[in-house]
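Protein chains: 2
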Amino acid sequence: MSARPHVVIIGGGFGGLRAAQGLKNAPVDVTLVDRRNFHLFQPLLYQVATGSLSPGEIATPLRGVLSKQRNARVLLGDVVDVNPKTNSILLADGAIIQYDFLIVASGTQSSYYGHDEWRKWAPSLKSIEEATEIRHKILYAFEVAERISDPLVRASWLRFVIIGAGPTGVELAGAIGEIARQTLKNDFRSIHPEEAQIILMDGAPRILMPYPEDLSHKAAKSLEGLGVQVRTGVMVKGIDREGVTAMRGSTEVRLNARTVLWAGGVAASPLAVALAKNTAAETDKSGRIKVSADLTLPGFRNVFVVGDLAISLDRSGKPLPGLAQVAMQGGTYAAKCIAKKIRTGEGLPPFKYFDKGSIAVIGRAAAVANTFGVKLSGLLAWLTWAFIHLMYIVQFESRVLVFIQWAIQDLTFSRSSRLITGSTTSDFDFNQELAARRSDPGAAENQVTVSAR
Amino acid sequence: MSARPHVVIIGGGFGGLRAAQGLKNAPVDVTLVDRRNFHLFQPLLYQVATGSLSPGEIATPLRGVLSKQRNARVLLGDVVDVNPKTNSILLADGAIIQYDFLIVASGTQSSYYGHDEWRKWAPSLKSIEEATEIRHKILYAFEVAERISDPLVRASWLRFVIIGAGPTGVELAGAIGEIARQTLKNDFRSIHPEEAQIILMDGAPRILMPYPEDLSHKAAKSLEGLGVQVRTGVMVKGIDREGVTAMRGSTEVRLNARTVLWAGGVAASPLAVALAKNTAAETDKSGRIKVSADLTLPGFRNVFVVGDLAISLDRSGKPLPGLAQVAMQGGTYAAKCIAKKIRTGEGLPPFKYFDKGSIAVIGRAAAVANTFGVKLSGLLAWLTWAFIHLMYIVQFESRVLVFIQWAIQDLTFSRSSRLITGSTTSDFDFNQELAARRSDPGAAENQVTVSAR
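The listed protein sequences derive, respectively, from chains X and Y. Numbers given in our numbering equal positions in the first sequence, counted from 1, plus 25. Numbers given in our numbering equal positions in the second sequence, counted from 1, plus 25.
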C-alpha cells in the first residue's frame, strides 16, 4: 500500500482523459475506469454512421494513450454507484474502489424525452455501435428500395428523416445528402439514389439554435444545396416503424419514412441519479448535476464533476454548452486543482471556460463556424474545422493518415467503409420485409423480376 | 424484357467478382447475388481479428466495384435453393430468379468436423463479424487477467490456443504473439502481457502441411521466436468454456485456456447440398462439388461452379487448393467460356490452373513463400507477400493508404483498431466472470484491490 493519494476518474472521454493526463506529474495514483477500452472522438462519429470512416479511425485504446504514464492505470469496468460519503465507487462486478479524490466524467446519453419506445425506430448517434447501426440502416434502405417497385413504398424507403437540427443532426443530414447525390450515384439499376428525400426537422424556429442567426441561415442554405429539406417549428408526436407523425402548429403532419434518425436531445448518464441520491445534489431536468464554481459537488470538496454531466455557469450565469472543449478544460482544471490541494491544502480560483468557438460541418468542404466573435462559413470554416480536429487527433498517435484518407475521399466522393455488417437479424428483417411485400395481394406489381432487364 | 442472355452469379468473393468483371464486354445481363453488400479480402481477415486493420479496410462495397459496369447489377439476397432443371434460383425472401447461365461461387464456411458445439467456445475466422468477435475475445482476455490475482486462473486467461496450423492458424498465432510481446507491452499494471502463452496445435506432423518441409520448419522457428509454442501430432477431443482436451498419441492432454480459436477446417456452403440434391452431383466429405474439366456441373453445361465450392483436379489428378488464385482464375475462365458459348455455341478447352505459388505470413516482416518452385522465407518472402496483396487491393480503389498505414503500424508496433466493440452481452459476461471469481469462497485472494498500489 502506498501513501500516495488515489485519484479515481470515471469515464475516458474528453474530460476524464484530460484529467488523467493532467495528473501525470502529480504525486498520486490514478485509476481511470471506463466501460469501454477506448477513447472515442465523438465529433467524428457521424462520419462512421455515414460510411466515411471506420470505427477504429476515430477511437484510440485508453491503455495505449496512458501506457507511458506510469502513475495511471486503466480499469475496464461499469460503475453502478458512487458514494461520496464513504469515498467509494461500486462496479457492476461487485468490486468496490476507494478513492481520495474522484472525478466524475461519465457524460450524457441520448434522451427521447420520455418516449423510449421511439429508440427502436429512430436510433441516435452516441456510440460506435449506434453509428454502425445507423450506417446499416441507411445503406439497407437503398438496398430494399432497389428491390421494390411500388412507387409509394419505394419512396418511403428513400425518405430519410433526421429529428433534431443541432450540429449532429445537421452533419448527419448533410452526409446523407452526399451519399444519395454522389457516393451511390451509379450504384443501383432500378432506383436513382439522388431522388432520396432527406428531411431535417426541429421544433425550434431555426436550425443550429446556439449559433448566430445569419450562420443558421447560411447553414440551411448549404443543406438545401445538398438536397436536404429543412423543416423547423415542427414538434414530433410519434415515431413508428413506418414513419413520423408531427405537429406543425395545430396541424398534424405525417411523413412515411423507413429511416428515422434521432439527434434530438441528451440526458445525464445514470450515474448522475446515483450521485444525486447519495448527496442531495441538485440536478436539472435532463439530470445533469449542478456543481460549485470549482466544479466540485456541493459539500464534497474531493469530488469533481466535469464535462457534459455537469452544469457549470459562465460569468453571465448561463450554463456552459455540452462541447468537447468545455469537458477538456474542466478535466484539466480538476487535475490542477487536485495537484494544488495535495501540495498546499488549498484549491484554485473558480473554473473559467475559455471559449474557442464552435463549428458545424455541412457536407463536403462546407461548414459554419463562430470563433472568437468571427463568423465563418463555407470552405474557410471547413478548413478551420479540419485543422482543429486534425490537431486533436494527432496528439494521440500517428493518425494523420485518417485525415489524408478522409480528404482523399472527400475529393473523390468515395466512402471506403460502406459495409453493412452486424447481426443476421437485420438480414432476416430484410428478407421478411421483401417477403411481406411479395405476399401482399394488393401489391402484385411488387414482384421482383430480375430475369432480364 | 431484353433478349440478352441472363447470367446469374452467386457470391461476390474472389471467384464471383472476377466472373462478373470478366463479362464486362459480353452481350449479357449479369446479376451478382450476395448476402453481404461487400467483397471481402479474406487473406487479411486475420489482421482485423488482431486489431491491425479495420473491417472497412479489407472490404469493398460490391456496388462500388461494379458501378461502372452497366451490364451488371448487384442484388442483396440470400440464395436458399438452386434448381438447374428449371434454370432458377430461390432467395430467402421468396423471389425466384431465372437464368440462362449460372455461376455458383458461394465458397466455404468453417467446419468443426461434426462438433458444432465447439463453435461457441472457439470462434473461427470466416467473416468480418467473427473477426471482430475474435478481436474482442483476445483483448478482453488481457482485461480480465488484469483484474484477477489468482495465478492459475490468471494464467488460463493469458493462454491462447489456436487449433489448426494452416496459413490462417499460423498467421493468427504470429499476430497474437506480437500483440502480447509488443503492442500491449506497457499497457497493463498488474499483468505482463508478454507472459501470455500462445499455443498452436495441429493433428498433422508439422505445420503448413501443403508447403515443402523445410519451409514448414522455418515457419515453426519464426513462430517460436515470437513466443508461440507449436504442438503438432495433437488431436482435439473436446473444447469447453475452460479450455481444450486433446490426445497426443494415447495420452490425454488438458490445456486450461479461456481463449481458443478455431482454424481447423472448412466445409462447402449449404448451397452445395441444394445443388447435389437437385442434380445428383458428386460431393466430397466436406461437401464440395466435383465439377467437369470445364468447371460445369456434370449434366448442366450452363452451370459453373468455381472457387472453394468446387473440386477441380489439376493435371496430376490432385484437387486444387482453396486459394484466392484458384477462385479468381476459375471465375475468369467461366466468364470467358460463357462469352464464347454465346458467340460460337462452343465452350473452351478444359480449365488449367496457373500456379503462382502461396505465401504464409508469420508476424512482422516475416513469411514463408513457395512461388514458381522458388522457396523464400523471412523478410524477402514478406515483401513479396505485401507486394502481391497491394497489387490486388489497389485494383479496386485508392486503397494504397491501407498499406501505408499497415506498414507504419508494423514499424511502430501500434494497432489502431484495438477496440472492443459489440454487444453488451459480452460486457455482461465480463462482469459475471469477475463477480463469480469474487463470490467464490475459495478465492478470497482474488478480491480486486485498487485503492492504492
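You may find that some hints are simply not true.
Identical copies carry no separate label here, and so any pair may be met within one copy or between two of them.
[To be verified] Keeping only pairs whose Cα atoms sit at most 30 Å apart, straight-line, the calculated DSSO-like set for lysine-lysine is:
hint, residue 1, residue 2
1, Lys377, Lys210
2, Lys400, Lys302
3, Lys366, Lys315
4, Lys110, Lys210
5, Lys162, Lys93
6, Lys49, Lys151
7, Lys210, Lys366
8, Lys145, Lys162
9, Lys49, Lys210
I should point out that these hints are in silico values taken from the structure, not numbers from a laboratory.
State whether the alpha carbon distance between Lys162 and Lys93 is at most 30 Å within one copy, between copies, both, or neither. between (40 Å within a copy, 25 Å between copies)
Taking 30 Å as the upper bound on the Cα-Cα distance, should Lys145 and Lys162 be classified as within, between, both, or neither? both (12 Å within a copy, 28 Å between copies)
Using 30 Å as the alpha carbon limit, work out where Lys110 and Lys210 are close: within a copy, between copies, both or neither. neither (60 Å within a copy, 38 Å between copies)
Given identical chains, is Lys210 near Lys366, meaning Cα to Cα at most 30 Å, within a copy, between copies, both, or neither? neither (60 Å within a copy, 34 Å between copies)
Which holds for Lys377 with Lys210 at a C-alpha limit of 30 Å: within a copy, between copies, both or neither? neither (49 Å within a copy, 39 Å between copies)
Can you give me the call for Lys400 and Lys302, within, between, both or neither, at a CA distance of at most 30 Å? Answer is neither: 43 Å inside a copy and 70 Å across each miss the 30 Å cutoff.
Within, between, both or neither: how does the pair Lys366, Lys315 come out at a Cα-Cα threshold of 30 Å? within (22 Å within a copy, 78 Å between copies)
Same-copy or cross-copy closeness of Lys49 to Lys151 [CA-CA at most 30 Å]: This pair counts as within: shortest intra-copy Cα distance 29 Å, inter-copy 43 Å.
With identical chains treated as interchangeable, where does the CA-CA distance between Lys49 and Lys210 reach 30 Å or less: within a copy, between copies, both, or neither? between (50 Å within a copy, 20 Å between copies)
Checked against the numbered hints given earlier, the structure breaks hints 1, 2, 4 and 7 and satisfies all the rest.
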